[in-house]
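So the sequences go chain by chain: A and B.
First residue of the first sequence: 19, per my numbering; consecutive thereafter.
First residue of the second sequence: 19, per my numbering; consecutive thereafter.
Note that these hints are calculated values from the structure, not bench results.
One thing to keep in mind: the hints can contain errors.
One copy or two, either will do: identical chains are not told apart, so a pair holds if it fits within one copy or between any two.
[To be verified] Dumping the calculated DSBU-like pairs for lysine-lysine here, alpha-carbon to alpha-carbon at most 30 Å:
(1) Lys196 x Lys335
(2) Lys483 x Lys556
(3) Lys483 x Lys473
(4) Lys521 x Lys556
(5) Lys335 x Lys473
(6) Lys473 x Lys299
(7) Lys299 x Lys347
(8) Lys347 x Lys521
(9) Lys241 x Lys196
(10) Lys521 x Lys473
(11) Lys521 x Lys335
(12) Lys556 x Lys502
(13) Lys551 x Lys502
(14) Lys196 x Lys347
(15) Lys506 x Lys483
(16) Lys241 x Lys335
(17) Lys502 x Lys163
(18) Lys347 x Lys241
(19) Lys506 x Lys521
The chain contents come next:
There are 2 protein chains.
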Amino acid sequence: MPSYAAPTRDIQFVLQDLLRLGESPLPGHADLDADFTAQVLEEAGRLATEVLAPLNAAGDRQGCRLENGTVRTPDGFREAYRAVCDGGWIGLDCDPDYGGQGMPYVMNCAVGEMFVSANMAFNMYQGLSHGAISAIHAHGSDAQKATYLPKMVAGSWSGTMNLTEPHCGTDLGLIRTKAEPQEDGSYAITGQKIWISAGEHDLTENIIHLVLAKIPGGPEGVKGISLFIVPKFLVGEDGSLGDRNGVTCGGLEEKMGIHGNATCVMHYDGATGFLIGEMHKGMRAMFTMMNEARLGVGLQGLAQGSVAYQNAAAFAKDRLQGRDVTGAKNPDGPADPIIVHPDVRRGLMMQKSFVEGGRALALWGATLIDAAHAGDEDAEALISLLTPVIKGFLTDKGFETAVLAQQTLGGAGFTRDWGLEQFVRDARITMVYEGTNGVQSLDLVARKLPAQGGKAMMAFFEMVKAFCRENPGDDMAAFTGPLKSASKDLQAAGMFFLQSGTKDPNAALSGSYDFLHLFGHAALGLMWARMAKVSLEKLAAGEGDPAFWQAKLATGRFYMARQLPATALHLARITSGAEPVMALEADAF
Amino acid sequence: MPSYAAPTRDIQFVLQDLLRLGESPLPGHADLDADFTAQVLEEAGRLATEVLAPLNAAGDRQGCRLENGTVRTPDGFREAYRAVCDGGWIGLDCDPDYGGQGMPYVMNCAVGEMFVSANMAFNMYQGLSHGAISAIHAHGSDAQKATYLPKMVAGSWSGTMNLTEPHCGTDLGLIRTKAEPQEDGSYAITGQKIWISAGEHDLTENIIHLVLAKIPGGPEGVKGISLFIVPKFLVGEDGSLGDRNGVTCGGLEEKMGIHGNATCVMHYDGATGFLIGEMHKGMRAMFTMMNEARLGVGLQGLAQGSVAYQNAAAFAKDRLQGRDVTGAKNPDGPADPIIVHPDVRRGLMMQKSFVEGGRALALWGATLIDAAHAGDEDAEALISLLTPVIKGFLTDKGFETAVLAQQTLGGAGFTRDWGLEQFVRDARITMVYEGTNGVQSLDLVARKLPAQGGKAMMAFFEMVKAFCRENPGDDMAAFTGPLKSASKDLQAAGMFFLQSGTKDPNAALSGSYDFLHLFGHAALGLMWARMAKVSLEKLAAGEGDPAFWQAKLATGRFYMARQLPATALHLARITSGAEPVMALEADAF
Numbered sequence: 019m020p021s022y023a024a025p026t027r028d029i030q031f032v033l034q035d036l037l038r039l040g041e042s043p044l045p046g047h048a049d050l051d052a053d054f055t056a057q058v059l060e061e062a063g064r065l066a067t068e069v070l071a072p073l074n075a076a077g078d079r080q081g082c083r084l085e086n087g088t089v090r091t092p093d094g095f096r097e098a099y100r101a102v103c104d105g106g107w108i109g110l111d112c113d114p115d116y117g118g119q120g121m122p123y124v125m126n127c128a129v130g131e132m133f134v135s136a137n138m139a140f141n142m143y144q145g146l147s148h149g150a151i152s153a154i155h156a157h158g159s160d161a162q163k164a165t166y167l168p169k170m171v172a173g174s175w176s177g178t179m180n181l182t183e184p185h186c187g188t189d190l191g192l193i194r195t196k197a198e199p200q201e202d203g204s205y206a207i208t209g210q211k212i213w214i215s216a217g218e219h220d221l222t223e224n225i226i227h228l229v230l231a232k233i234p235g236g237p238e239g240v241k242g243i244s245l246f247i248v249p250k251f252l253v254g255e256d257g258s259l260g261d262r263n264g265v266t267c268g269g270l271e272e273k274m275g276i277h278g279n280a281t282c283v284m285h286y287d288g289a290t291g292f293l294i295g296e297m298h299k300g301m302r303a304m305f306t307m308m309n310e311a312r313l314g315v316g317l318q319g320l321a322q323g324s325v326a327y328q329n330a331a332a333f334a335k336d337r338l339q340g341r342d343v344t345g346a347k348n349p350d351g352p353a354d355p356i357i358v359h360p361d362v363r364r365g366l367m368m369q370k371s372f373v374e375g376g377r378a379l380a381l382w383g384a385t386l387i388d389a390a391h392a393g394d395e396d397a398e399a400l401i402s403l404l405t406p407v408i409k410g411f412l413t414d415k416g417f418e419t420a421v422l423a424q425q426t427l428g429g430a431g432f433t434r435d436w437g438l439e440q441f442v443r444d445a446r447i448t449m450v451y452e453g454t455n456g457v458q459s460l461d462l463v464a465r466k467l468p469a470q471g472g473k474a475m476m477a478f479f480e481m482v483k484a485f486c487r488e489n490p491g492d493d494m495a496a497f498t499g500p501l502k503s504a505s506k507d508l509q510a511a512g513m514f515f516l517q518s519g520t521k522d523p524n525a526a527l528s529g530s531y532d533f534l535h536l537f538g539h540a541a542l543g544l545m546w547a548r549m550a551k552v553s554l555e556k557l558a559a560g561e562g563d564p565a566f567w568q569a570k571l572a573t574g575r576f577y578m579a580r581q582l583p584a585t586a587l588h589l590a591r592i593t594s595g596a597e598p599v600m601a602l603e604a605d606a607f
Numbered sequence: 019m020p021s022y023a024a025p026t027r028d029i030q031f032v033l034q035d036l037l038r039l040g041e042s043p044l045p046g047h048a049d050l051d052a053d054f055t056a057q058v059l060e061e062a063g064r065l066a067t068e069v070l071a072p073l074n075a076a077g078d079r080q081g082c083r084l085e086n087g088t089v090r091t092p093d094g095f096r097e098a099y100r101a102v103c104d105g106g107w108i109g110l111d112c113d114p115d116y117g118g119q120g121m122p123y124v125m126n127c128a129v130g131e132m133f134v135s136a137n138m139a140f141n142m143y144q145g146l147s148h149g150a151i152s153a154i155h156a157h158g159s160d161a162q163k164a165t166y167l168p169k170m171v172a173g174s175w176s177g178t179m180n181l182t183e184p185h186c187g188t189d190l191g192l193i194r195t196k197a198e199p200q201e202d203g204s205y206a207i208t209g210q211k212i213w214i215s216a217g218e219h220d221l222t223e224n225i226i227h228l229v230l231a232k233i234p235g236g237p238e239g240v241k242g243i244s245l246f247i248v249p250k251f252l253v254g255e256d257g258s259l260g261d262r263n264g265v266t267c268g269g270l271e272e273k274m275g276i277h278g279n280a281t282c283v284m285h286y287d288g289a290t291g292f293l294i295g296e297m298h299k300g301m302r303a304m305f306t307m308m309n310e311a312r313l314g315v316g317l318q319g320l321a322q323g324s325v326a327y328q329n330a331a332a333f334a335k336d337r338l339q340g341r342d343v344t345g346a347k348n349p350d351g352p353a354d355p356i357i358v359h360p361d362v363r364r365g366l367m368m369q370k371s372f373v374e375g376g377r378a379l380a381l382w383g384a385t386l387i388d389a390a391h392a393g394d395e396d397a398e399a400l401i402s403l404l405t406p407v408i409k410g411f412l413t414d415k416g417f418e419t420a421v422l423a424q425q426t427l428g429g430a431g432f433t434r435d436w437g438l439e440q441f442v443r444d445a446r447i448t449m450v451y452e453g454t455n456g457v458q459s460l461d462l463v464a465r466k467l468p469a470q471g472g473k474a475m476m477a478f479f480e481m482v483k484a485f486c487r488e489n490p491g492d493d494m495a496a497f498t499g500p501l502k503s504a505s506k507d508l509q510a511a512g513m514f515f516l517q518s519g520t521k522d523p524n525a526a527l528s529g530s531y532d533f534l535h536l537f538g539h540a541a542l543g544l545m546w547a548r549m550a551k552v553s554l555e556k557l558a559a560g561e562g563d564p565a566f567w568q569a570k571l572a573t574g575r576f577y578m579a580r581q582l583p584a585t586a587l588h589l590a591r592i593t594s595g596a597e598p599v600m601a602l603e604a605d606a607f
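I would like the entire structure built from these sequences, with the hints used as guidance.
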């Protein structure tokens, strides 16, 4: 059985030492001093390790069952869900007007990482609700908010997002689900939706589906899509549950992982739906919560990497096999722990340096979302640019980290008993949902990069330059040197797109995926440089545990020396242009 | 359901146009003209696609069951196994004196790739037999060969390899299984072995276990290990089956993939065993068949990548989503097939260029094994050097290719119905067994590279140089340029090991994994350069289908432009030395 220890120390480092949350002038941040956030993290960590993590492997084995239209979640999920509701975790960053705790989004992420590491399939039930709550909060009428939000924020009702249909996932302009206007102002929703996470389950009294559908006679394609609220049980004016609505779960998807979460085929058969937001503006409504949703998936990738790494490190310190080539480290034992072997360490350092760097990037991104919510347009532009990077890079690397951790265990990593293979299977979906990572790269290069004349990209470059200018010391050279070089590669790639993309759009699009990874490395490089600066300052000031700062510096130096040079490879691929990628006729594949 | 089309055209290209098998002076090669090998491939391809592939998904779902000590394989496996025996496939490259067909090992690999693509879990039953047959053939007495080989070559008995114990896998010096000499010259074998593939099953009348054990009083560590034959049923002098031996299956491992293959815990309880080869020389006996076994696992990785790629390409040509940014390609349909999108193509080209390059490398390696068997010492030295590269690189990249193919399918790739996720799960074990890829890299850098004063490595460099010298034309520059550069990176890495490794062994070992990948890329670069040369010659001569040669050239150019530059990244990591990898105290992980 795998174990999980909540990394509260490291999260607290990022929140307080790196991001200085307690000093932020943003609304809702005044209370977030070190004592308070430590307390929140401790509580969440306890719930994650004591309640959620023990259900993870069992939930994977048992999975969900569809019985007479009802989905039964794995044993223990109902009790755990109640504990999450009772702790007020679902509404952590929700509007206090509807029962939320009003904390910033970054706290939701800090806590969320631990919940996802402990039990990703379980946490998705509330994760999906979070998206639906945001949508209703941002676009619902006052009456809709009053009707749905208090119950959803408390967790007694959950929410879903219904986008995909059998013939369309990415290309939503093709959706066929129809919404026919009724005399009472409601709509009759008819169609089939697939891959609906938590579409049906036994954890809550009601499920509030948010459904994309087309009102007949509207514009073609994505411009004719509207968003609807379709409750599983209709809700009376007094908030009481009424008739069962015409929405049913037609089947559960059998899949590679996240077996504890019900992935549903949903049938809408003239179900009563209520328009939310403006008619035909459903895509816009969806997009307003896209940054949060995508950052949340990036965090899932990171979280799976994090728990996998922990188990790999524990195994490597425990398993005795072979001898340290420079001399036995455990001479009285039959062999040395495998952590003495350089190649085992190489794998562990790759895992550790990604997890800590990625954590910093995700939480920094979350503070940008908080700033954007507070009206900071520069933060809004920057996080829009960074969102596909955070989603794509953290999920690709999170999966890779889980695979590396599995490899640390050798044969044991392939067996179910050790649990590493579940982290790999669960992490795999994060590269796909909320827009595949290929779609993220398209969004990055075709939309985000050129937005506002490249303003946000320029701001990132300026941020790197300023940091390097302000930290000229020799002790920072191992960080600023590689960071400058990575940033130069990123600039060169952007320049290549600018020069070639106007002549041939495929030249830029053939390099979009490599650009996302190039950017991801540069962003992690910036995070590590910032963490190094803080660590050196703390060491100099004699604050805290020197071993913590020294480990941080050593881990950062590994990332700069061994991982950041990947930017040159991505640049080489990008500048090779479209020809190698596009030369073959489709028939030749 | 995934599909599989046997890639006989491409395998035939490698065998005849690239490796010129029909012209080889090696023993047993005289018959291998184009017509004959085409016929063999057609027959094997038919068996793979019509019999083995249809059982793959079902075998994964059903798995194996242990019932009263007997393992039941999935439905249909018995019939399929009989078909494989009837076709004479198990003994394809075995000694005709024992009923084999006497073909070279390369033909076994060419056929094996298809069998593994079609159904990896199933094919392992005969794959393990193959290793045991080789061991008995190489080290058994005449009487042992006469007793066991005819039945094993025919497939009515199968074989296993028993190495791992709960506390040791890589470090076999620690094994505890005991072999106590008996008065009749046999040994009583007692101990527990784990992760024994095909350790027990219902496909054959008897199972011949090859077991590593220690004779009490022998030398410590690996120098005191001997190899024993332990049949499930003892065999009478007339070849008839006698008493059940004291070896039983104590349990089946639950694992991530290859569910159709029984991974057994084996209990030896005073079982009767017969020494094979010399006393205390069991490791040496195991090592003589290591090259074949490891190349076979590399081929498994490649084969999973190959079938995954096929399904990804078919999906990409069929799935309609979005529009070609340069203009609609399917204007009458609701959207274009996703193969029009550059990023989808990027993924497919990565898959295709690996699969075709890797196939060439594996089959070239097999011809080196054939040459080594015929007494060619240079070939023996070269394949010893290349074996860890082929095993490690083809399995890492085979898995990566399966993951990429899964990604091409988006959400569908995560569901069981489409079958891609099974290829990913099955491919994952290849990075682990027959020595983890980390152990391969250690073998490469610490043993193979310095062997005989680096003779084999020098031979590889000379081979690259000679090829580039002999092919100076402009039409080859897109291949020889990157190849030279990759070879230079490989030389620089070797030089770094030479200079730093003597002072600090960790400096070389910290770079071993990157060296393996650097070498793998350089080797695939050489393969692509050779394939390009053949393709240009055929085009110039007007032989064959021009579209085939042009596709080969375009695929090769992609590999050289987009994949080969990875050598510089691996070199940068290697030359960063041991410090970044080894700096942290074990406690800090």
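Which numbered hints turn out to be false for this structure?
Numbers 4, 5, 17, in rising order.
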